[in-house]
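From first to last, the protein sequence lines stand for chains A and B.
The first sequence lines up with residues 1 to 398 when you count with the working numbering.
The second sequence lines up with residues 399 to 682 when you count with the working numbering.
FYI, nobody ran anything at the bench for these hints, they're computed from the structure.
Heads up, some of the hints might be wrong.
The following residues of chain A were derived to be distant from chain B, with all beta-carbon distances above 10 Å [stated by the list, open to error]:
1. LEU4
2. PHE5
3. PRO16
4. GLU18
5. GLY51
6. PRO74
7. ILE163
8. VAL184
9. TRP243
10. LEU325
11. LYS343
12. LEU361
13. LEU376
14. VAL377
Keeping only pairs whose Cα atoms sit at most 27 Å apart, straight-line, the calculated DSS-like set for lysine-lysine is [stated by the list, open to error]:
15. A:LYS189 with B:LYS663
16. B:LYS474 with B:LYS544
17. A:LYS310 with A:LYS224
18. B:LYS463 with B:LYS679
19. A:LYS189 with B:LYS679
20. B:LYS474 with B:LYS541
By construction, the Cβ of each residue, glycine as well, lies at the ideal position given by its N, Cα and C atoms.
Here is what each chain is made of, one letter per residue.
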Amino acid sequence: MEPLFHAAPFTGYVYPNETIIAWTALIVVYPYLTGLVAGAFTISSLYQVFGFRQLRPVAHFALLVSLSCMIVVPLPLLLHLGHPERAFNAMITPHATSAFAIFSYAAAFYVSLLILETWFVFRPYIVHQAQHRQGVLGSLYRVLSLGSYDLSEKAMRYDRKWIFALAIIGIPGAHGLHGYVGFVFGSLKSREWWSSDLMPAIFLFSAIISGTALVIVLYVLSCKLRKIPIDLSCLKVMAYALWGFMMFTLLLEGVEFASLVYRGREGTQVIMEYVQGRLIVPFFILQFGIGSVLPIATITFLIWRGINGKALIAGVTASALLVLLAVLMMRWNVVIGGQEIAKTGKGLLAYHPAIFGREGLLAAASVLIAPFVLLLVMIRLFPPWEQEPSAAVPASAR
Amino acid sequence: METEEQLEKQQRERRNFLSCLGSAVACGAAAVMAGTVLSRATAAVRAAVTGGPNRPAIPGYDWTKHRWAFGVDATKCIGCLRCVEACKRENDVPADAHHFRTWVERYVYLEGEETARVDSQADPVNIAASGSEGEYRFADRYKDAKVEKAFFVPKLCNQCTNPACVQVCPTGATYRTEDGVVLIDHAYCIGCQYCVQACPYGARYFNAEKGVSDKCTWCYHRITKGLQPACVEVCPVGARIFGDREDPQSPINQFIRDNQVQVLKRETGNSPNVFYVGIDKEVS
Numbered sequence: 001m002e003p004l005f006h007a008a009p010f011t012g013y014v015y016p017n018e019t020i021i022a023w024t025a026l027i028v029v030y031p032y033l034t035g036l037v038a039g040a041f042t043i044s045s046l047y048q049v050f051g052f053r054q055l056r057p058v059a060h061f062a063l064l065v066s067l068s069c070m071i072v073v074p075l076p077l078l079l080h081l082g083h084p085e086r087a088f089n090a091m092i093t094p095h096a097t098s099a100f101a102i103f104s105y106a107a108a109f110y111v112s113l114l115i116l117e118t119w120f121v122f123r124p125y126i127v128h129q130a131q132h133r134q135g136v137l138g139s140l141y142r143v144l145s146l147g148s149y150d151l152s153e154k155a156m157r158y159d160r161k162w163i164f165a166l167a168i169i170g171i172p173g174a175h176g177l178h179g180y181v182g183f184v185f186g187s188l189k190s191r192e193w194w195s196s197d198l199m200p201a202i203f204l205f206s207a208i209i210s211g212t213a214l215v216i217v218l219y220v221l222s223c224k225l226r227k228i229p230i231d232l233s234c235l236k237v238m239a240y241a242l243w244g245f246m247m248f249t250l251l252l253e254g255v256e257f258a259s260l261v262y263r264g265r266e267g268t269q270v271i272m273e274y275v276q277g278r279l280i281v282p283f284f285i286l287q288f289g290i291g292s293v294l295p296i297a298t299i300t301f302l303i304w305r306g307i308n309g310k311a312l313i314a315g316v317t318a319s320a321l322l323v324l325l326a327v328l329m330m331r332w333n334v335v336i337g338g339q340e341i342a343k344t345g346k347g348l349l350a351y352h353p354a355i356f357g358r359e360g361l362l363a364a365a366s367v368l369i370a371p372f373v374l375l376l377v378m379i380r381l382f383p384p385w386e387q388e389p390s391a392a393v394p395a396s397a398r
Numbered sequence: 399m400e401t402e403e404q405l406e407k408q409q410r411e412r413r414n415f416l417s418c419l420g421s422a423v424a425c426g427a428a429a430v431m432a433g434t435v436l437s438r439a440t441a442a443v444r445a446a447v448t449g450g451p452n453r454p455a456i457p458g459y460d461w462t463k464h465r466w467a468f469g470v471d472a473t474k475c476i477g478c479l480r481c482v483e484a485c486k487r488e489n490d491v492p493a494d495a496h497h498f499r500t501w502v503e504r505y506v507y508l509e510g511e512e513t514a515r516v517d518s519q520a521d522p523v524n525i526a527a528s529g530s531e532g533e534y535r536f537a538d539r540y541k542d543a544k545v546e547k548a549f550f551v552p553k554l555c556n557q558c559t560n561p562a563c564v565q566v567c568p569t570g571a572t573y574r575t576e577d578g579v580v581l582i583d584h585a586y587c588i589g590c591q592y593c594v595q596a597c598p599y600g601a602r603y604f605n606a607e608k609g610v611s612d613k614c615t616w617c618y619h620r621i622t623k624g625l626q627p628a629c630v631e632v633c634p635v636g637a638r639i640f641g642d643r644e645d646p647q648s649p650i651n652q653f654i655r656d657n658q659v660q661v662l663k664r665e666t667g668n669s670p671n672v673f674y675v676g677i678d679k680e681v682s
């Protein structure tokens with residue numbers, strides 16, 4: 001049987017209760033997923049709100065990516081809770097001063113918004129399927145159509161207005177949601193590693209780059225699978241966005257770390273010992289070197305040399321994959337790193353994750369994979385590739 | 399025209415549907431608001447009648463008439479760890495080296511060293527000396543060294559006036575009582591462990607078996623019956639002092655009056671209610 005808890009070995013002096021790492025790999029996955037939600041939504045909004053026409057091939061797909069990640073977001077939290085059956089206590093009797101309590105409302109609001117926007121975006125397809133498809137799927141589309149088969153020009157104008165409005169509200173929604181995740185950590189005064197005013201901003205920008213990187217990777221993969229050419233101008237815009245937002249992320253992370261060291265408050269000595277010791281591989285090599293500097297250098301080179309074709313695709317995709325790794329490592333270094341530095345300021349702990357069990361690496365990996373399984377189903381139900389009514393809906397249905 | 403009729407019918411249906419949807423949302427929102435207002439109103443009435451929200455049903459005890467506080471005299475502590483053992487037994491705390499409502503730290507300055515060497519009874523060397531995680535000893539690990547200064551510091555929940563743990567609890571399962579003790583409603587706690595993270599003193603732990611957070615309550619079940627907390631009761635040297643700040647002659651008021659007391663991690667703004675005497679700069 002899996003033991004109820006795993007004690008972390010330590011050096012120096014740590015409070016006895018600290019030897020059980022409270023937030024495990026599951027809580028690493030949770031901000032990672034919310035980040036992907038916010039980032040993918042940003043790509044969708046760049047098209048819907050800010051008129052980046054080049055992003056048309058991925059706009060609706062990014063929305064589905066965002067929705068499928070968002071649906072899975074509560075899962076790591078529920079798995080982590082000691083009493084998941086009481087989870088709704090946080091919404092029934094929310095404690096107004098708790099970031100978590102407010103987060104549950106923000107998340108509920110945002111997931112409703114995402115579902116509504118997805119419904120409006122895919123309504124022409126749903127209506128067409130409801131009218132022409134038989135069987136169980138036909139019934140499903142008829143239910144999803146909510147009884148409205150009206151695809152007249154007036155109705156479509158009305159839909160477009162809603163999509164625009166929802167996309168606008170969604171921008172502060174998605175970004176606020178993820179800023180809040182940063183606040184969950186940054187607002188805690190108990191840990192020097194977390195306690196930073198910049199934490200929400202860092203989480204937000206790293207969220208945008210992770211979501212953008214995910215859309216890049218999935219778009220390239222989907223084109224390969226569908227055996228269609230990759231839209232290079234679309235890929236380039238995403239690569240530019242990735243590059244720009246990465247610069248902000250790196251800058252913020254650098255400023256945050258520099259302030260922590262420069263302030264040099266009590267406990268900084270132990271933090272430096274940690275940074276120069278165990279953080280070398282996860283932070284300096286994986287997150288900073290391979291995950292941030294290398295992709296920035298690669299994309300800079302691609303843009304500077306005006307490289308096109310297969311080399312551009314390979315370079316941007318590889319960079320995006322590295323960014324996905326970097327952001328995952330960033331979440332790990334924040335969540336786990338914060339707990340490996342003892343609250344005493346006099347010791348360090350070592351988190352050794354379990355493989356099996358509710359909070360094991362296997363469970364965390366399954367939660368991480370779940371959105372992609374969901375995405376596969378969603379793509380089947382709502383093909384995001386042909387947005388124009390002329391392509392998605394045959395003329396007879398209009 | 400048949401198609402126009404169909405179209406009109408569809409539009410009518412759509413309008414009806416949206417209007418129904420709007421009404422449903424409005425009704426839902428109204429119900430939620432009514433529920434909130436009603437529950438607030440009920441709580442306000444209950445508070446007015448009983449003298450505070452969620453007043454515990456303890457016969458003969460009025461929590462508005464007390465203000466508990468705790469004192470620790472580190473100059474008296476001998477590190478016998480009877481307090482730790484009594485607490486574990488009294489409060490059904492898991493008998494291992496990772497869950498404590500109270501613990502004792504040992505600070506040792508060796509000759510020529512600038513900083514103290516710190517350990518607690520949960521240190522592997524001390525566990526090896528006791529032979530079990532369920533028995534508590536301080537190993538005589540410095541017998542061959544030249545010790546310049548050494549002292550013990552008992553630690554426990556500070557029952558802060560501005561508790562960070564209460565601030566972050568998403569459900570309100572943990573709360574501060576009128577008489578100044580931070581409690582946890584184990585029937586309501588969801589086990590998210592946000593409070594465990596938020597406490598700067600490491601006073602909280604997660605009880606994996608029960609799926610809830612736990613911590614020292616100054617033995618609330620005892621003090622509300624006029625008894626002392628278990629750790630205070632068993633301390634052979636009087637290093638732990640407990641009492642009511644509303645009573646000018648209480649031991650804790652005398653302790654605070656007669657000594658220059660300090661609290662731990664004052665800079666957090668938590669306003670702790672455990673007052674220390676005889677600790678030095680290294681203690682946090």
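Here is what the structure says about each hint:
1. LEU4: Nearest chain B Cβ is 4 Å from LEU4 of chain A, so the label is violated.
2. PHE5: 5 Å, violated
3. PRO16: Violated, since 4 Å does not exceed 10 Å.
4. GLU18: Non-interface label fails for GLU18 of chain A: nearest chain B Cβ at 5 Å, not farther than 10 Å.
5. GLY51: 28 Å, holds
6. PRO74: 12 Å, holds
7. ILE163: 16 Å, holds
8. VAL184: Label violated. Min Cβ-Cβ 8 Å, cutoff 10 Å.
9. TRP243: 35 Å, holds
10. LEU325: 26 Å, holds
11. LYS343: Non-interface label on LYS343 of chain A violated, nearest chain B Cβ at 5 Å vs cutoff 10 Å.
12. LEU361: LEU361 of chain A clear of chain B: closest Cβ-Cβ about 18 Å, beyond 10 Å.
13. LEU376: The assertion about LEU376 of chain A holds, with a minimum of 30 Å to chain B.
14. VAL377: Its Cβ never comes within 10 Å of chain B, the nearest being 26 Å, so this holds.
15. A:LYS189 with B:LYS663: 11 Å, holds
16. B:LYS474 with B:LYS544: 22 Å, holds
17. A:LYS310 with A:LYS224: 12 Å, holds
18. B:LYS463 with B:LYS679: Violated, because 36 Å separates the two Cα atoms, which is more than 27 Å.
19. A:LYS189 with B:LYS679: Within the cut-off at roughly 20 Å; holds.
20. B:LYS474 with B:LYS541: This hinted pair holds, its Cα atoms lying about 21 Å apart.
Going down the numbered hints, you'll see the structure goes against 1, 2, 3, 4, 8, 11 and 18, while the others check out.
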